[in-house]
Amino acid sequence: MATKRLHLFFTISALLLAGLLQAQDDLLSLLGDDAAEETDYATAAFKTNRVINLHSLENTAPGVMDFKISHRFGTLDGGLYNIFGLDLATIRLGLDLGVTDNLAIGLGRSSLEKTYDGYVKYKFLRQSTGKRNVPITAALFASAAIQTLKWAEPDRENLFSSRLYYTFQLILGRKISDGFSVQLSPTIVHRNLVRTSAEKNDVPALGIAARQKLSKRIAVNAEYIYVMPDRLAPEFRNSLSIGFDIETGGHVFQLHFTNSTSMIERGFIAETTGSWADMGVHFGFNISRVFTMWQPKR
Amino acid sequence: MNKIAFFILTAVLCAGSVQAQKHFTREGKISFYSDAPMEKIEAHNQQATAVVDFATGAIEFAALIKAFQFEKALMQEHFNENYMESTKYPKATFKGQIIEPGKIDLKKDGTYSVKVKGALTMRDVTKDVDTEATFVVSKGVVSATSAFKVAVADYGISIPKVVAEKIAKIVDVKVDVKLAALAK
Chain A
208 MATKRLHLFF TISALLLAGL LQAQDDLLSL LGDDAAEETD YATAAFKTNR
258 VINLHSLENT APGVMDFKIS HRFGTLDGGL YNIFGLDLAT IRLGLDLGVT
308 DNLAIGLGRS SLEKTYDGYV KYKFLRQSTG KRNVPITAAL FASAAIQTLK
358 WAEPDRENLF SSRLYYTFQL ILGRKISDGF SVQLSPTIVH RNLVRTSAEK
408 NDVPALGIAA RQKLSKRIAV NAEYIYVMPD RLAPEFRNSL SIGFDIETGG
458 HVFQLHFTNS TSMIERGFIA ETTGSWADMG VHFGFNISRV FTMWQPKR
Chain B
37 MNKIAFFILT AVLCAGSVQA QKHFTREGKI SFYSDAPMEK IEAHNQQATA
87 VVDFATGAIE FAALIKAFQF EKALMQEHFN ENYMESTKYP KATFKGQIIE
137 PGKIDLKKDG TYSVKVKGAL TMRDVTKDVD TEATFVVSKG VVSATSAFKV
187 AVADYGISIP KVVAEKIAKI VDVKVDVKLA ALAK
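Heads up: the sequence lines are chains A and B, in that order. Per this note's numbering, residue 208 is the first one in the first sequence, and the count goes up by one each step. Per this note's numbering, residue 37 is the first one in the second sequence, and the count goes up by one each step.
No lab work stands behind these hints, which were simulated from the structure alone. Even for Gly, the Cβ is constructed at its ideal location relative to N, Cα and C. Among the clues, some could well be false.
What the hints assert, rightly or not - Derived, one-sided and incomplete: chain B residues facing chain A with beta-carbon distance under 10 angstroms:
1. T85
2. A86
3. D89
4. A98
5. N116
6. Y119
7. K131
8. K153
9. Y191
10. V198
11. V199
Kindly generate the complete structure, drawing on both the sequences and the hints.
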């Protein structure tokens, strides 16, 4: 009887001790696993809010002003005489501002046709895992551009509305892995005035773009914009661009080759003339410098 | 048989009182400060979880890397993307031990300084951390603060030359938690 009691005592003690030790082994498990209760948003699918010419699915962070200096030099076929285009440059200066996590606005001025542009971009879906599981990021983008060249024929009746261009775009994309992101950009460009009756005022197009990181700070980007047939005059081509993003502390340098001269939608989607086959390609860059304007509340 | 019942009862009660000595938080503050010649950087996480078992002296912390908030959005992006790789390594954890937990009397208001020894894990790398912690018991509320230094290279984080003047090689970490008794 005595041994039986002792046996029972040891068993119970061992069980209790085991329970204690186990609790000590992983104290945090006492709080339960609440990882599933949080939403983890995918971030930095692209290094900036542009792939090359196209808007990427990323927005400028809330409270941040992004000053962009963009250049497209002349085409490479200019040869050594133009040092492969470097003698010629068109410029766009832009300011992008992140208003909230989802909303960004921007203004720009292009030297090409002395054009001012402004845009609004709103993310209505953000790729996330966890509590809220969303496979893609989706944004709506709308921009207006005003060309301010002097009227070619000042004597005839010229309407202000003839200077206006509009772009509406849906951006759908996904950061597929840490290094690879892809997006589709169905777009419509509206021109109030076109040069000839053969051209259409509305130009539907589909942009496709991707980013692959080569290292933590260098990525390669590519984008192609397919324009629906019979919308443009025959001399216009689809835009194809390939480039690198290089990140240093506060700057992102985007260096690229593109057959588009313009840096705004209306131009690079509907008025690209360069041909990759004939070296009608421009070297260009976007430099992005960010400034923190205010601290968003979390 | 009475004796056995007594033993079991004692054991269960003992276990019960040990349980009541566990305290926790889900809103622990963990901050770090990088003081480099060209830039001062600080980041704050206010959602760290922690459990302290005052009976055994065992301490555990966990903090989500993505929950560290920076003054500049780009810094936060780089912290997550380039340095901590937070999608691959989402959490930092600390498992440690108060060397003399008996010094802390939860029933008596006061300030208790103790030594803490443990292991900090970030990016799958575990390194020993020795530090001091101050526990304050005031009207039944237990809070604790601690500070220690972390060498970023210890955790396999490399700082590129271009930003070498902007990021400190040794970062100060501060911990500030208010603990509540764990009801379980």
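Each hint, compared with the structure:
| no. | hint | in the structure |
| --- | --- | --- |
| 1 | T85 | holds, 6 angstroms |
| 2 | A86 | holds, 8 angstroms |
| 3 | D89 | holds, 6 angstroms |
| 4 | A98 | holds, 6 angstroms |
| 5 | N116 | holds, 7 angstroms |
| 6 | Y119 | holds, 9 angstroms |
| 7 | K131 | holds, 8 angstroms |
| 8 | K153 | violated, 15 angstroms |
| 9 | Y191 | violated, 15 angstroms |
| 10 | V198 | holds, 5 angstroms |
| 11 | V199 | holds, 5 angstroms |
The structure does not agree with the numbered hints 8, 9 stated previously, though it agrees with the rest.
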